Amino acid sequence: AQTVTQSQPEMSVQEAETVTLSCTYDTSESDYYLFWYKQPPSRQMILVIRQEAYKQQNATENRFSVNFQKAAKSFSLKISDSQLGDAAMYFCAYRRLKGAQKLVFGQGTRLTINP
Amino acid sequence: DVKVTQSSRYLVKRTGEKVFLECVQDMDHENMFWYRQDPGLGLRLIYFSYDVKMKEKGDIPEGYSVSREKKERFSLILESASTNQTSMYLCASSFKFHEQYFGPGTRLTVT
Numbered sequence: 001a002q003t004v005t006q007s008q009p010e011m012s013v014q015e016a017e018t019v020t021l022s023c024t025y026d027t028s029e030s031d032y033y034l035f036w037y038k039q040p041p042s043r044q045m046i047l048v049i050r051q052e053a054y055k056q057q058n059a060t061e062n063r064f065s066v067n068f069q070k071a072a073k074s075f076s077l078k079i080s081d082s083q084l085g086d087a088a089m090y091f092c093a094y095r096r097l098k099g100a101q102k103l104v105f106g107q108g109t110r111l112t113i114n115p
Numbered sequence: 001d002v003k004v005t006q007s008s009r010y011l012v013k014r015t016g017e018k019v020f021l022e023c024v025q026d027m028d029h030e031n032m033f034w035y036r037q038d039p040g041l042g043l044r045l046i047y048f049s050y051d052v053k054m055k056e057k058g059d060i061p062e063g064y065s066v067s068r069e070k071k072e073r074f075s076l077i078l079e080s081a082s083t084n085q086t087s088m089y090l091c092a093s094s095f096k097f098h099e100q101y102f103g104p105g106t107r108l109t110v111t
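Chains as they are written, first to last, in my numbering: chain X, 1 to 115; chain P, 1 to 111.
Worth flagging that the hints you see were computed from the coordinates, not collected in a lab.
Predicted, not measured: the structure shown is a model, and the values here were computed from it.
Some hints could be false.
PhoX-like mimics (lysine-lysine), calculated; alpha carbons at most 25 Å apart, straight line [stated by the list, open to error]:
#	chain 1	residue 1	chain 2	residue 2
1	P	Lys-53	P	Lys-96
2	X	Lys-98	P	Lys-57
3	P	Lys-55	P	Lys-18
4	X	Lys-98	P	Lys-96
5	P	Lys-70	P	Lys-96
6	P	Lys-18	P	Lys-57
7	X	Lys-98	P	Lys-55
8	P	Lys-96	X	Lys-55
9	P	Lys-53	X	Lys-98
10	P	Lys-3	P	Lys-71
11	X	Lys-98	P	Lys-71
All chains, please: the whole structure from these sequences, using the hints.
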């Protein structure tokens, strides 16, 4: 069974600084997707960024980028120029490429932005 | 924009009551999911459905059942609510192999 681990329950960063959230996962499959989801205090979960395992290039979305290390089964999220609106719970998630479409989530990291 | 709505944001029920949580999506998605969110555990899949009247057990189906009579609606049923089912419940939907879109969540308290 696949597992996802986020070892940082809480993180904080000064506004405008850069922060990196860690995620490791375990799977025996070679093709899969990895995601970072954001859940602001209003609770609507939204997708931040997605990485296909077969792509070597790290995904980027504006101020958000990932460091995908397939051999190490590591998938960290870097947030540059942190803004107050980035404060949220962040979840790392895994999904198989084919078959059942369920997401396997990590425990979450609560990110606080200090003004 | 994709919209996933859930019938209640907050719900308080008594032990032993039958509880219905409803989820509706407006984008004709085939797949729908029910997750439970607990602090320190992340989200865990309860049930999912990939078509009308079809359902599959997730990782923690015990104590729950689901119903999908129409494509846009996926209901989670707690046959006899217990205090250990106090949690946040999140519904999601997706089109085939595309990303999942989440509803706002229902905070259920069972007393």
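Right, here's what the structure says about each hint:
1. Restraint check for Lys-53 (chain P) and Lys-96 (chain P): the C-alpha separation of about 16 Å stays at or below 25 Å, so the hint holds.
2. For the proposed pair Lys-98 (chain X) and Lys-57 (chain P), the alpha carbon gap of about 17 Å is at most 25 Å, so the pair holds.
3. Taken as a hint, the Lys-55 (chain P) and Lys-18 (chain P) pair is honoured in the structure, with Cα atoms around 20 Å apart against an allowance of 25 Å.
4. In summary, the hint linking Lys-98 (chain X) to Lys-96 (chain P) is supported, as the alpha carbons are separated by about 10 Å, within the 25 Å threshold.
5. This hinted pair checks out: Lys-70 (chain P) and Lys-96 (chain P) have alpha carbons roughly 17 Å apart, not beyond 25 Å.
6. Between Lys-18 (chain P) and Lys-57 (chain P) the alpha-carbon distance is near 20 Å, which keeps this suggested pair within the 25 Å criterion.
7. Distance restraint check for Lys-98 (chain X) and Lys-55 (chain P): the Cα-Cα separation of roughly 18 Å lies within the 25 Å cut-off, and the hinted pair is therefore satisfied.
8. Among the hinted pairs, Lys-96 (chain P) with Lys-55 (chain X) is consistent with the structure: their alpha-carbon atoms are about 21 Å apart, no more than 25 Å.
9. This hinted pair checks out: Lys-53 (chain P) and Lys-98 (chain X) have alpha carbons roughly 22 Å apart, not beyond 25 Å.
10. The straight-line distance between the Cα atoms of Lys-3 (chain P) and Lys-71 (chain P) is roughly 14 Å, inside the 25 Å bound, and the hint therefore holds.
11. For the hint pairing Lys-98 (chain X) with Lys-71 (chain P), the CA-to-CA distance comes to about 22 Å; that is within 25 Å, so the pair holds.
Of the hints listed earlier, there is not a single one the structure fails to meet.
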